[in-house]
Amino acid sequence: MAYVDIVTILAVLQFIVFAMKVAGARGRYGVKAPATTGNEIFERYFRVQQNTLELLLALIPGLYLFSRYLSPVAAAVLGVIYLGGREIYAATYVRDPAKRGPGFGLSMFPVLVLLIGGLFGAVRQAVGF
Amino acid sequence: MAYVDIVTILAVLQFIVFAMKVAGARGRYGVKAPATTGNEIFERYFRVQQNTLELLLALIPGLYLFSRYLSPVAAAVLGVIYLGGREIYAATYVRDPAKRGPGFGLSMFPVLVLLIGGLFGAVRQAVGF
Amino acid sequence: MAYVDIVTILAVLQFIVFAMKVAGARGRYGVKAPATTGNEIFERYFRVQQNTLELLLALIPGLYLFSRYLSPVAAAVLGVIYLGGREIYAATYVRDPAKRGPGFGLSMFPVLVLLIGGLFGAVRQAVGF
Chain A
94 MAYVDIVTIL AVLQFIVFAM KVAGARGRYG VKAPATTGNE IFERYFRVQQ
144 NTLELLLALI PGLYLFSRYL SPVAAAVLGV IYLGGREIYA ATYVRDPAKR
194 GPGFGLSMFP VLVLLIGGLF GAVRQAVGF
Chain B
94 MAYVDIVTIL AVLQFIVFAM KVAGARGRYG VKAPATTGNE IFERYFRVQQ
144 NTLELLLALI PGLYLFSRYL SPVAAAVLGV IYLGGREIYA ATYVRDPAKR
194 GPGFGLSMFP VLVLLIGGLF GAVRQAVGF
Chain C
94 MAYVDIVTIL AVLQFIVFAM KVAGARGRYG VKAPATTGNE IFERYFRVQQ
144 NTLELLLALI PGLYLFSRYL SPVAAAVLGV IYLGGREIYA ATYVRDPAKR
194 GPGFGLSMFP VLVLLIGGLF GAVRQAVGF
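Protein chains in written order, with the working numbering: chain A, 94 to 222; chain B, 94 to 222; chain C, 94 to 222.
Bound-form chain A, shown alone (with noise of 0.2 angstroms):
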């Protein structure tokens, strides 16, 4: 369980590292709050951490609920698959936002995996299997 709830921070925290290089470009490119727009560099960063804001509101509980109902080991696995999935979906959409898709596909792949897992988990123990 202690391996789950160190992925759950891990993503967190990469989470907070996004918004940092958000607040970063804020400065670099001259795009004061509460504007979010006006630079496309910048929009680039700030879509980078919104995205991830949806997907890690997504993570977690499934993180859980496959790790209560399946296996918290195979939970922690796709956890970390989702994170390198993650920097490499930022480092892409950055350079060129054409190019996220590899990124997302291995970030949201996990995701699924674990919703859906938890979800047969539930469903099966709610029918008394």
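There may be inaccurate statements among the hints.
Each pair may be met inside one copy or between any two copies, as identical chains are not told apart.
DSS-like, lysine-lysine: derived pairs with alpha carbons at most 25 angstroms apart [as the list claims (entries may be wrong)]:
(1) K125 with K192
(2) K125 with K114
(3) K114 with K192
Note that these hints are calculated values from the structure, not bench results.
Since the structure of chain A is already known, use the hints to place chains B and C on it.
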């Protein structure tokens, strides 16, 4: 407890479906990443997803804390109402944002009941009743 | 543990209040859905809500993991500091975005302590100390 877990995963999967519709609307209405504006219909899909992100983050703690302190079955029922309310919200918002009120209310109401019920239960336990 | 639950619900309710202020600002400054830009004051309310969404998603896992591995009471106290910091952040941001630093720091700091403390505790348990 498994019922609450099932509702949680369904709510996350519903959110992912809304996100996929945003991705589809990007292509259909020619809004290239990182932009999130420029086409009114795209912006409706995008706002449905964003608003659901906000509500989902309030729903999940509400589900588990209401479940722990009051009733897992009632929590799951409130979660199902939320799921239906969000479907109505998404369908009406995309057709006409001015009509989004009822679906919003029907998904916001169970979230508030979950949170206030959970708060009541947690405070009652903290003061030792 | 009930104290951590109370702080979690208060943080979610605070976020919902910020969201209601955005809805109010829509009417007052004439920003019709789905738009989220077009009026500087509206955009400040909107950014307060968005930034709180981001931080809330980091706060909640931090609260529970710090609480599990280190101390529920200290977690709750850090959560109360977060709540105060967010109030200052919201009030100052709406008046003048350039003055948002102290309130941001006061709400970000407890989140980082919760996450790093939780990570420390989880790693310590994983390696078997």
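Tested hints:
1. K125 with K192: between (28 angstroms within a copy, 12 angstroms between copies)
2. K125 with K114: both (15 angstroms within a copy, 22 angstroms between copies)
3. K114 with K192: This pair counts as both: shortest intra-copy Cα distance 20 angstroms, inter-copy 20 angstroms.
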